[in-house]
Amino acid sequence: MWAYIVRRVLATIPVMAVVALFVFSLLYLAPGDPAAVIAGDQATPDDVERIRASLGLDRPYLVRFGAWVWDILHGDLGTSIFTNLPVSHMIAQRIEPTLSLMVVTLILAVSIAVPMGVVAAWKQGTSIDRAVMAFAVLGFSVPVFVVGYLLAFVFALELDWLPVQGYTPFREGFIPWMENLILPAVALGGVYIALIARITRATMLEVLSQDYIRTARAKGAGQRSILFLHALKNAAVPIVTIIGIGIALLIGGAVVTESVFAIPGLGRLTVDAILRRDYPVIQGVVLLFSFVYVLVNLLIDLLYTLFDPRIRY
Amino acid sequence: MSTTTLPPGVTIPPGLVIAQPTQDILSNVKPRRGFFGFLRRYPTIAIGGGLLLMMLFIAVFAPFLWTKDPTALAPALRTREPGAQFWFGSDMLGRDVYSRVLYGARVSLLVGFSVAFFASVIGLTIGLISGFSRLADSIIMRVMDGMMSIPPILLAIALMALTRGSVQNVILAITIAEVPRVSRLVRGVVLSLREQPYVEAAVASGTKTPVIIFKHILPNTLAPLTVQATFICAAAMITEAILSFIGAGTPPIIPSWGNIMAEGRALWQVKPYIVFFPAIFLSITVLAVNLLGDGLRDAIDPRLATKL
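Which chain is which? The protein sequence lines are A and B, in order.
Residue numbering for the first sequence follows this note's numbering, starting at 1 and increasing by one per position.
Residue numbering for the second sequence follows this note's numbering, starting at 1001 and increasing by one per position.
Rather than coming from a laboratory, the hints here were simulated on the basis of the structure.
Predicted, not measured: the structure shown is a model, and the values here were computed from it.
Mixed in with the good hints, there may be bad ones.
As the list claims (entries may be wrong) - Which residues of chain B face chain A? A partial, calculated answer using Cβ under 8 Å: (1) Asp1137; (2) Ile1139; (3) Met1141; (4) Ser1149; (5) Ile1150; (6) Pro1152; (7) Ser1166; (8) Gly1188; (9) Leu1191; (10) Gly1247; (11) Met1261; (12) Lys1271; (13) Val1275.
Backbone N, C-alpha and C define an ideal beta-carbon position, used for all residues, glycine too.
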């Protein structure tokens, strides 16, 4: 098992390197000359050249890439062109709302989607199954901002049950925090729920047709214990895998959801950065999200050994 | 009673009776043949395809469907409620939302179809190469793994940040973001096909590698690829709307559904219809493509139907 863990952890290094190279090239290829911007309108070409040298912009591509990686490893993501603040500082300010939104969505989605998939598989071919599958197709088709606006319109504007927009930090109390997050989380969770429910149903159908399920039935195990103890446990690996892969959907969707609900998180930061062409910020956010995504999936791969002790690579 | 006719010269021996034809236990099932039979067997293809054709019709014939110039400003007629003059209302610059939404179908369908086509072609090429060359495979798949680690919408956003907003650039950015998934799929299919006995037989009988690739492998990747292409089409239309919505997609002058929603955003609490009409059209179109994809998957590979 240790050999597997070590090998799996080492395997993420080339992936991270490719991500870093990709994101670095983004800034490298970005239009505009930072040196000219910093030098200002009155600068002579000599001044610009001097600033370029002092920023290290005249060095070759790979040398700059090396220096950039070195900085990142020391927690330095560069400086925003627009606000002149360190990017890591700006990200740290915005991380709480996004993290809250994602965690709430994750918990909400998994606790709805997995039972949905299990019931659909159990009642295969019935109207319950068809309803779940129809919901899944709808979930894939209705974009996150459409659900967001619809929910906000019904529950905030018409019924006035929940706040329309905004975010309340967690330290100001759980209830206000949750009130602001519940609509965005449902909107963001739609696609994710559809994805997880579909995979859960498919995996459960496969597991339920196995011999050991028939054995469990024959020995008189109850329906509930067959579904949740015998079947779901054996279906865990594909389900957990899709939960991890689906986080990419959450990350992409968060950018939009935060715009719809005016949540001051990383997504909002990204959108503002795009409008201002603030490349270091875009780069920092893309890099952070990608690394989190890789790490989460690494963690899930390591969890496999827990769910299925047979897995040895 | 008995209508059985005996061949000439055959007589029934005395004492024997010809048995009556037994009735069918199962009622007659009319085989569903032909185009309409196919549609009845796969209702999702019929519904999805029908809706998609309708959207295609709207996109192509937008100028003839009682629309006005979608970019014509009428400051005096700002934010009118939906009614006889403006079927879907007018936006804050007095533009006709109905016309803008109908013309918006052009952008969405163009982006969806183009991305599906280009991502499939590029992904197919990359997948075939890495399925057949071990050296290329190890390099290509590392790069693809890296690209797949960047959430596709973020990747598209990052690429759009590099360039000017235009429909071509949107197509290019979303295509790049989708290619890794297609290549992985094709590579997987190629690797499993290579182990098939018929391919082994072709190799044993001295068939050249290019012939094996193009004649024996390629046609078998097309079925899963077609299904994947429909899902990419749906995803691309959503991504385009998202990019336009956050201001990183098609330029605001072009009426795309994402742009209309982005413009209606500031007013949506008082004039929700500006956001809702494009939202409904986008949802219906994406739903149509997804239904078509689900139906195609069932029709092309019945074994997959139970799996997903």
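For each hint, the structure was consulted:
About 14 Å separates the beta-carbon of Asp1137(B) from the nearest beta-carbon of chain A, more than 8 Å, and the hint is not met. Checking Ile1139(B) against chain A: minimum C-beta separation of about 10 Å lies over 8 Å; hint violated. The criterion of a C-beta within 8 Å of any C-beta in chain A is not met by Met1141(B), whose closest approach is roughly 10 Å, and the hint is violated. Restraint check, Ser1149(B) versus chain A: the minimum CB separation of about 5 Å is within 8 Å; hint holds.
A hinted interface residue such as Ile1150(B) counts as satisfied when its beta carbon comes closer than 8 Å to some beta carbon of chain A; here the least separation is about 5 Å, so the hint holds. Given hint, Pro1152(B) at the interface with chain A, holds; its Cβ is 6 Å from that chain's nearest Cβ, closer than 8 Å. Hint on Ser1166(B) is violated. Least Cβ distance to chain A is approximately 14 Å, over the 8 Å limit. At a threshold of 8 Å, the smallest CB-CB gap from Gly1188(B) to chain A is about 15 Å, leaving the interface hint violated.
Residue-level restraint check for Leu1191(B) is violated (minimum Cβ-Cβ distance to chain A is 18 Å; threshold 8 Å). Annotation: Gly1247(B) was flagged as interfacial toward chain A, and the flag holds, the nearest CB pair being 5 Å apart, inside 8 Å. Given the 8 Å rule on beta carbons, the hint for Met1261(B) holds: about 7 Å separates it from the nearest Cβ of chain A. Below 8 Å, beta-carbon pairs count as interface contacts, and Lys1271(B) has none with chain A, the closest being about 12 Å; its hint is therefore violated.
Taking 8 Å as the C-beta contact cut-off toward chain A, the hint placing Val1275(B) at the interface holds, the least distance being around 6 Å.
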